[in-house]
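S.K.: Throw the hints in and build the complete structure from the sequences for me.
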Amino acid sequence: MIRELKGGITLAVRAQPGAKKTAIVGVYGEGTVAQLKIAVQAPAIEGRANSALIVFLADLFALPKSGVELVSGELSRSKVFLLRGVMLSQAETLLADWQLKT
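Numbering-wise (our numbering), the sequence shown opens with residue 14 and increments by one.
Rather than coming from a laboratory, the hints here were simulated on the basis of the structure.
As the structure is a prediction and not an experimental result, all values here were calculated from the model.
Misleading hints may appear alongside valid ones.
Each pair of labels, with its calculated beta carbon distance range [stated by the list, open to error]: (1) G44 - L18: 18 to 24 angstroms; (2) S102 - G31: 30 to 36 angstroms; (3) G31 - R97: 15 to 21 angstroms.
All residues carry an ideal CB built from backbone N, CA and C; glycine is no exception.
M.R.: What follows is the structure, given as structure tokens:
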């Protein structure tokens with residue numbers, strides 16, 4: 014789900030467009046193919062869901078929107094985002110905190 018790179022991390026996401034609100038709703042898959050499942054309020058039309066995911070992840074990780082880049086899965090529910098300036102430990106802590114709240 015999360016991989017560390019020089020200068021940031023990549024985050025595997027499973028998008029669910031057309032939801033009532035944008036939020037993390039769980040984990041899709043297991044092990045090395047696990048993805049963070051995020052319900053997205055925006056529809057999957059003309060890149061709106063992708064844009065909404067970028068805004069959501071930027072807010073979640075306290076990054077500027079330019080710090081979040083969709084690197085694969087533009088037309089798929091399965092996506093990979095590059096989060097620049099985020100350390101692996103930060104991401105793991107943030108997601109662990111989310112799991113404790115659910």
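S.K.: Now tell me, hint by hint, if it's right for this structure.
M.R.: To see whether the hints hold, each was checked on the structure:
1. G44 - L18: 18 to 24 angstroms: holds, 20 angstroms
2. S102 - G31: 30 to 36 angstroms: holds, 34 angstroms
3. G31 - R97: 15 to 21 angstroms: violated, 29 angstroms
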